[in-house]
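Visitor: Here's the letter readout for the chains.
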Amino acid sequence: MAAPSVFDTLDATILAAHGAGDGAELAYAYGAAADAHAARGAIDVACFFYTQAYIFALEAGLPQAERYAAVLRQNGRL
Amino acid sequence: MNQHVTDEALARVLQPVAKANGLPNRHYTDPHWFDLEARKLFFEQWAGIGFAKDVPENGDAKPIDFLGQPLVMIRGRDGTLRVFQNICRHRGMILIEKPGRIRGAIRCPYHSWCYDLDGALKATPHVGGPGHNTHEAVDRDTLGLIEVASHVWRDIVFVNLSGTAAPFEQVNAKALERWKEFDQPLHHAGPGSGFALEVASNWKLAVENYCESYHLPWVHPGLNSYSRLEDHYNIEEPGAFSGQGTTVYRQLQGDAGETFEDAAGLGSKWETAAEYIALYPNVLLGVHRDHSFAILLEPAGQQRTVEHVEIYYHAESALQSDMADLRAKNTALWKVVFEEDIFVVEGMQRGRSALHFDGGRFSPAMDGPTHMFHRWVATQLAS
Ligand code: FES
Ligand SMILES: [Fe+2]
Chain A
9 MAAPSVFDTL DATILAAHGA GDGAELAYAY GAAADAHAAR GAIDVACFFY TQAYIFALEA
69 GLPQAERYAA VLRQNGRL
Chain B
3 MNQHVTDEAL ARVLQPVAKA NGLPNRHYTD PHWFDLEARK LFFEQWAGIG FAKDVPENGD
63 AKPIDFLGQP LVMIRGRDGT LRVFQNICRH RGMILIEKPG RIRGAIRCPY HSWCYDLDGA
123 LKATPHVGGP GHNTHEAVDR DTLGLIEVAS HVWRDIVFVN LSGTAAPFEQ VNAKALERWK
183 EFDQPLHHAG PGSGFALEVA SNWKLAVENY CESYHLPWVH PGLNSYSRLE DHYNIEEPGA
243 FSGQGTTVYR QLQGDAGETF EDAAGLGSKW ETAAEYIALY PNVLLGVHRD HSFAILLEPA
303 GQQRTVEHVE IYYHAESALQ SDMADLRAKN TALWKVVFEE DIFVVEGMQR GRSALHFDGG
363 RFSPAMDGPT HMFHRWVATQ LAS
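Sequence lines, in order, name chains A and B.
Numbering-wise, the first sequence is residues 9 to 86 according to the numbering used here.
Numbering-wise, the second sequence is residues 3 to 385 according to the numbering used here.
Please keep in mind that the hints were generated in silico from the structure rather than gathered at the bench.
Just so you know, nobody snuck in bad clues.
Cut-off 25 angstroms, straight-line C-alpha distance, at most; resulting in silico cross-link-like pairs (SDA-like, lysine to any residue):
1) K100(B) to G29(A)
2) K100(B) to A24(A)
3) K124(B) to Q72(A)
4) K100(B) to G69(A)
Full structure from sequences and hints, please.
Guide: Okay, here's the thing in structure tokens:
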């Protein structure tokens with residue numbers, strides 16, 4: 009059995025934030041997952057997570073919404 | 003009234019007050035007429051749906067069920083209060099379930115399309131496939147929230163859902179003119195300055211009762227002891243509003259003789275005058291030198307009405323903590339008066355199950371304002 013990866017931890021964080029309905033935490037958790045996927049060059053998966061992060065940040069009025077939007081725009085996703 | 007009305011009952015309502023009947027039972031008990039009245043008397047008019055004080059800060063939103071129509075009022079970043087249909091442009095999901103503060107954007111709980119406070123569609127996640135957030139077929143510029151024509155007067159939020167009515171200031175020009183001296187800031191003192199009464203009655207009966215002073219000596223004997231029937235006059239503005247006024251208004255006093263400060267710059271008439279009008283269809287207003295109130299009639303069903311009563315002061319000094327007792331006394335006094343009216347509106351509603359009731363007859367001297375409201379109803383329904 010493989011050791012738990014960074015993605016398993018992020019999944020757990022994301023699920024917990026969904027459970028708590030915590031928008032800011034969701035934006036951070038999705039953003040962290042997106043950055044991790046981007047770091048390993050998985051741009052499609054990263055853009056899925058950046059989208060999630062962007063939407064929750066936008067809803068909560070968090071300044072990092074702009075950073076997520078910028079990455080998506082760079083990749084022709086927004 | 004030269005209009006040719008083919009409906010016999012409506013034609014009888016449109017007779018001069020001395021001959022007219024009131025609206026017949028069907029307007030209080032028949033669901034078909036309730037639906038027609040929702041359209042003709044509410045959606046095509048300027049109807050009250052809420053209070054601006056309920057969305058005090060930028061970003062505040064409050065959903066409202068307006069005769070089954072899902073609406074939401076939102077105060078924008080620019081401080082402007084707007085009213086929208088409370089639905090997403092994607093699949094028509096209800097957007098906002100509870101009153102609250104929107105920090106950034108309105109996110110639809112279904113597929114998370116996001117809207118700005120002014121209704122603009124800001125984001126459409128995954129609309130072009132996972133991680134792709136645009137699609138050429140989805141033009142964000144044309145898919146903002148659907149705004150409804152709205153206007154705030156005396157803190158009441160009015161809407162014209164159909165978008166076909168003339169501007170609010172035009173439709174209600176006479177009321178605005180009549181009370182222009184009171185066109186100054188209103189101060190609401192919070193939860194203790196409002197209450198809601200639920201009545202088992204059609205909303206029209208609350209209007210009809212509010213308009214007239216005929217019932218005062220019988221239903222409000224306490225009120226009548228200092229504001230006698232002969233000190234009242236009728237207010238009749240055909241097609242717009244009707245009500246009553248008194249020439250002997252006396253200010254409420256506290257134990258130490260304290261009173262609420264007056265509105266600034268009022269004419270001498272208002273030293274002793276107070277006026278009460280029903281602004282058709284569903285807003286009942288009262289003005290006095292030192293305070294005002296508004297009653298929003300929420301038609302929660304054909305035979306169920308919620309009366310939302312809110313009291314406002316004209317001077318900010320009335321909100322001071324040393325005026326709390328007097329404010330509480332004022333709220334309590336009005337509550338007694340409006341509670342005294344409940345048995346008559348509910349009793350008239352039950353009376354409208356009587357098979358042989360013909361709509362009733364009016365006292366030409368005392369019931370003019372009520373008849374005027376019926377004329378307005380009949381005129382709208384016949385058009
Ligand atoms: S219904 Fe609102 S996003 Fe789909
Ligand atoms: Fe009354």
